[in-house]
Amino acid sequence: MLRLVIRRLLQLIPTLAGLSILLFLWVHRLPGGPAAAMLGERATAESKARIEEQLGLDKPVMEQYWLFLQRIVQGDLGTSSQTGQPVLDELLLRFPATVELALSAMLLAVVVGIPLGYFAARRRGGWLDVAAVSGSLLGICIPVFFLAFLLRALFAVNLGWFPAGGRQETGMNATEVTGFYVLDGLLTGELDAAWGAINHLALPAIALASIPLAIVVRMTRASVLEVLGEDYIRTAESKGLNKSVVRIRHVLRNALLPIVTAIGLLTGGLLSGAVLTESVFSFGGIGSFLKDAIDNRDYPVLTGFIMFIAATFVIINLLVDVAYSLIDPRVRVH
Amino acid sequence: MRKTRSRVARTLAAALAVGVIATGCASERGDDNGDKPFVFGAAGDPDSLDPSISSDGETFRVTRQSFEALIEHEPGGTEFSPGLATKWSSNKDATEWTFDLKKDVEFHDGEKFNADAVCANYDRWYNWTGTYQSDLLSYYWQKVFGGFKKNENDSLPASNYVGCEAKDEHTAVIKVKKATANLPGGFSLQAMAIHSPKAIEKYEKENASGSGDAISRPKYTQEAGTVAGTGPFEVEKWNKGNKEITLKKFDGYHGDKAKTDTLVFRTIDTEDGRKQALESGGIQGYDLVAPGDVASLEKEGFQVPVRKVFNLFYVGMAQEKNPALKDKKVRQAVSQAIDRQNIVDTQLPEGGKIASQFVPDTIEGYSDKVPEIKHDPENAKKLLKEAGEENLTVDFCYPTEVTRPYMPAPKDMYQIMQKDLENVGIKVKTHPMKWNPTYSDSVRDGKCGLYLLGWTGDFNDAYNFLGTWFAEPLKEWGFKDKKVFDAVKDSGSEPDLEKRVELYKKANEVVMDYLPGLPVSSSPPSIAFGKDVNPPKVSPLTQENFAEASFK
Amino acid sequence: MSLDTKAAKIDRLAELTAKQETSTGASLWVEAYRRLRTSKMALIGAVVIGLFVVLAVVGPWVAPHDPTQMWRGEVFRNRGIFVGPRDGNWFGLDQLGRDEFSRMLVGARQTLMVGVVATLLGLTVGAILGGLSGAALTLGGNTGRKVDTVIMRVIDMMLAMPSLLLAVSIAAVLGQSLTTVMIAVGVVQIPIFARLLRGAMLAQGGADYVLAAKALGVRKRRIVFSQILPNSLSPVIVQATLCLATAIIEAAALSYLGLGNPNPATPEWGVMLAESQAFFDDAPMLAVYPAVGIIITALGFTLLGEAMREALDPKLRS
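Protein chains in written order, with the numbering used here: chain S, 1 to 334; chain R, 1001 to 1552; chain B, 2001 to 2318.
Hints in this document: simulated from the structure, not taken from any laboratory. Hints should not be assumed to be uniformly reliable.
What the hints assert, rightly or not - Rough simulated footprint, nothing fancy, chain S against chain B, three-plus residues with beta-carbon under 8 angstroms:
no.: 1; stretch: 2150 to 2156
no.: 2; stretch: 2253 to 2262
no.: 3; stretch: 2267 to 2281
no.: 4; stretch: 2285 to 2299
Stated by the list, open to error - Mimicking DSBU-like on lysine-lysine, the simulated pairs with C-alpha atoms at most 35 angstroms apart in a straight line are:
no.: 5; chain 1: R; residue 1: K1483; chain 2: R; residue 2: K1531
no.: 6; chain 1: R; residue 1: K1036; chain 2: R; residue 2: K1248
no.: 7; chain 1: R; residue 1: K1299; chain 2: R; residue 2: K1328
no.: 8; chain 1: R; residue 1: K1175; chain 2: R; residue 2: K1143
no.: 9; chain 1: R; residue 1: K1531; chain 2: R; residue 2: K1552
no.: 10; chain 1: B; residue 1: K2040; chain 2: S; residue 2: K243
no.: 11; chain 1: R; residue 1: K1434; chain 2: R; residue 2: K1219
no.: 12; chain 1: R; residue 1: K1434; chain 2: R; residue 2: K1087
no.: 13; chain 1: R; residue 1: K1198; chain 2: R; residue 2: K1259
no.: 14; chain 1: R; residue 1: K1552; chain 2: R; residue 2: K1308
no.: 15; chain 1: S; residue 1: K59; chain 2: B; residue 2: K2146
no.: 16; chain 1: R; residue 1: K1447; chain 2: S; residue 2: K59
no.: 17; chain 1: R; residue 1: K1482; chain 2: R; residue 2: K1427
no.: 18; chain 1: S; residue 1: K59; chain 2: R; residue 2: K1219
no.: 19; chain 1: R; residue 1: K1434; chain 2: S; residue 2: K59
Beta carbons: idealized from backbone N, C-alpha and C, even for Gly.
All chains, full assembly: derive it from the sequences and hints.
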């Protein structure tokens, strides 16, 4: 297991190096050049000159790149031109909100999607199957920002079941430990706070889950269908094994493999969706911060975020690999 | 497999247990006082908790609740009223301003308010160096007092500020070199609000440790705890992740104490988001209500008080960018092509009207003698022909993702004007830009031939409008007509108020005779509140005092 | 559909189609077409797409009005007064008093254009990269493997980036324009096509007819370009259909973020949908028209794409 982790980490080095080159080039192509990317467009001429010297813009390109790398490795992503604070701090501050939202959406997609896909496949052509397939088609085809808007108009304004935005009831005055509000509420025993956070999470999570849910349903359905046709299932069934054992041990477990991969790959898409959902629900995570950054051309934040995403992506794929090897012993061998 | 799973589960449980113990996750919640917080939906995050280094309305909305200036405005009006000074007067030349200060006033940090505190503030601003001299941070100081003790940039004018003197415990005297119409209005600006001297000392320390390269606001401006004013609320917490600022009632306040214990400003970026948050009861009020929502909100029982008209919306013309605009006939043609009545009728809130000059008609110095510009596309075509500009192309900029009190739907208004101009044969090149910083910068640098902009008055003096645009040649207009600048400057340095008003009227006539741009409209912006609250008096200057707000 | 998800499917699809082709050879397309014709999904998809394309092509000519013409004095957005469907304006007037029906018709072309150009861009560049990678690997040798590794690393990186962020980054460098939208949406699709083609080519590499050709002594280069490559294109074509749907939705999201076509006078569904949310309570239909337009169109492409995929995938046949 450890060797697997180390090997995967080593493999990531060239990917990250390549990404840093692309990023370096991008920063240099920005209007105003890298100084503007560090300071924002409105920086004074003197501070620009100072930064340009610091970045070594008069030096050869290779040396500039080396300096660029050093800064990134040290976590110096520049200063947000919107808030004037270090980008890394700003991102870390908002990270829990987005992770909480993304995890809830993912959880929703998995908990609803896998059983739905499984039962749809078992009764192929039945009403559940038809509903699941057409529902997932719609989930893929409706623009996320519009779905979020509709959910808010219907469930928050008209029915009043859920709050229209934000992360927590104002005046809840909950204790913050980790920044993950549901977890904080549970850890500190402030159950009302946890419940409040869950209430606020519900609509954004549903909106954000629309695409992953659709995909998980479809993938589960497809791979269960595939597995059901395999010889070993028929063998298992014919040798009189308990039906539920066959279902869970053979069908579901084998069907899970591609789903786990897909979940890992969904992360990038989730972050795109989070930009849209969080801004509709003024959720206050990285997504809505990013929307502000886009609006204000806050390049330091955008650059920092790309590096941040790369790191997150790396970690998630690592986790997926580990999960893979837990589910499927064959993977461990090669 | 089963083994693995249980091992994972056990590890997880152990980790969770360790986490609980290690962080000592006891609830740290204080006693709930049970009072419901008053939540107001803001359109954007503030940029700083220290108003002296900001020029942004959303920032001032928050800081205004916890900081007070020497002079304030009467609730719901534009007249000056006592703030931290009970009385103020100037010498005949208007170069020496004497303030009688209110007694028994305490800052949030327990410090006493006195004349030394006033001088400590004004001297702090005057002595600013380095990054603080950027107009990003010290916009209003520069606007009112010009430069600093030691200007580090040649483009800064010499400072008009001379000094501040504490005559006695409760009398402060502020001296300037020349009379200016920016005073006493400048003393009422939120950016000139008085901070506790002890807090100022702390500010300086943090600043010293901050990095000077990037324009980065010091840490004390980004979290509660350091800033201290005298207002009815003190800042308790700024939760950036949640986009929420919580203010607590200040029990030691010297005036009428706040009627709610907790005031929260929550940022909701979109217009429809704010509206739906109000409708679902998540917030008790919000600003920048779309005119189209006013009627439906009222029908649902919400309170939508209307502010008095105190703004001006105009189409700017940059002559350097488009030399054709140097010809007055072309400027007239553009002005007559645009159907301002249509914009007023379909886009602006009820009570909006066409502006005839560069000040609203609610301000002293408004002239009745300015001739009306009629919407006349045929004549506009004729004028273009006479000027030999029948194939005129203009670069027209508009801001995206923003609404301003004077400009509810920039994109729609732009499209109406674009069509108007095309109808008289002018070709329009569209340049949408983000409001901040691209749009403001491009306009200021004169990169837009035509552009949409406006101004909400900071205080009741026509110079706050005219002086902003026409006191000296600016790239955003790109003309150098001495007559215009002299008329405006002369009015601005006249110490006698009555004479000044007459000069303003004349200046308005001169400006409109030159026609640097097209004033479009003045309109009353709305603000919305929930059914179950007593809203504060709404202010034409958008300076609502939330200490007046309460639940029914 | 989110692009990243597809990555997993991409490889599988590539593998499946390739396998199928080995067993049935050239009759695959005939067989697939026969199955496609009987598929209800495909029929619905094809009809929707056909309608949409016809609208997009003839829309600007048959539109009853100039989409920028404004009926003055009828719509008062500031008082919540809108004009609904009526004679001459079948969908009513939009917030500025323009004919909504004409704007929908003209907007269809913009929407289709963004989708098609973006997908073509993604397809072309992606196919070149993927083809190069696949060819290099099949031709073998150390150099080939190195070329493949380098290309695939770049592709993996692109897959890791959230599509919107990629689009924003591109818009930052190129400035805001319709071209930027097309490039941004197109670039996002490059890695999908690249992986897909590469995967299909690798699967084909082990096919019997390739082995046979090798045994007969046909030059490797010739095998790659005249045998493997043409036979690997079917999954790419399927994917292109699916990507058209994605492109349309992504373009709408970019419009919502204010990164779309800068000239607001030009009607475009995504922009119309984003704008109409501000006055949804007063005129919900102005949001419904573009929303339904986008959803139906995306659905059409998805249905046809899925049907094609199923037709080509033997395992999903009942």
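Notebook entry, point to check: Going straight from one Cα to the other, do K1434 of chain R and K1087 of chain R come out at no more than 35 angstroms?
Noted result: 43 angstroms, violated
Check: Holds or violated: K1552 of chain R with K1308 of chain R, Cα cutoff 35 angstroms?
Finding: Since the Cα atoms of K1552 of chain R and K1308 of chain R sit roughly 25 angstroms apart, the hinted pair holds (cutoff 35 angstroms).
Next item on the list: Measure nothing beyond the straight line between the CA atoms of K59 of chain S and K2146 of chain B; if it is 35 angstroms or shorter, mark the hint as holding.
Entry: 31 angstroms, holds
Checklist line | Pairwise hint evaluation, K1143 of chain R against K1175 of chain R, where the allowed Cα distance is 35 angstroms at most | finding: 16 angstroms, holds
Next item on the list: Take a quick look at whether K1299 of chain R and K1328 of chain R sit within 35 angstroms of each other, Cα to Cα.
Entry: Distance of about 47 angstroms is beyond 35 angstroms: violated.
Margin query: Please verify whether K1036 of chain R and K1248 of chain R have alpha carbons no more than 35 angstroms apart.
Written below: At roughly 12 angstroms apart (the allowed maximum being 35 angstroms), K1248 of chain R and K1036 of chain R satisfy the hint.
Item checked: Coverage claim, chain S over the stretch 2285 to 2299 of chain B, checked by counting residues with Cβ within 8 angstroms (three needed) -> This one holds; 6 residues, not fewer than the three required, reach chain S with a Cβ under 8 angstroms.
Next item on the list: Given the hint that K1434 of chain R pairs with K1219 of chain R, test it: the Cα-Cα distance must not exceed 35 angstroms.
Entry: 27 angstroms, holds
Note to self: Count the residues of the stretch 2253 to 2262 of chain B whose Cβ falls closer than 8 angstroms to any Cβ of chain S, and tell me whether that reaches three.
What the structure shows: holds (count 5)
Note to self: Need the status of pair K1447 of chain R, K59 of chain S: alpha-carbon distance at most 35 angstroms?
What the structure shows: Roughly 33 angstroms separates the two Cα atoms, so the pair holds.
Next item on the list: Would you check chain S against the stretch 2150 to 2156 of chain B, counting CB to CB pairs closer than 8 angstroms, and say if three or more residues qualify?
Entry: Holds: 3 residues of the stretch 2150 to 2156 of chain B have a Cβ under 8 angstroms from chain S.
Notebook entry, point to check: Is K1531 of chain R close enough to K1552 of chain R, meaning Cα to Cα at most 35 angstroms?
Noted result: Between K1531 of chain R and K1552 of chain R the Cα gap is close to 9 angstroms, so the pair holds against 35 angstroms.
Against the hints set out earlier in the document, violations occur for numbers 5, 7 and 12.
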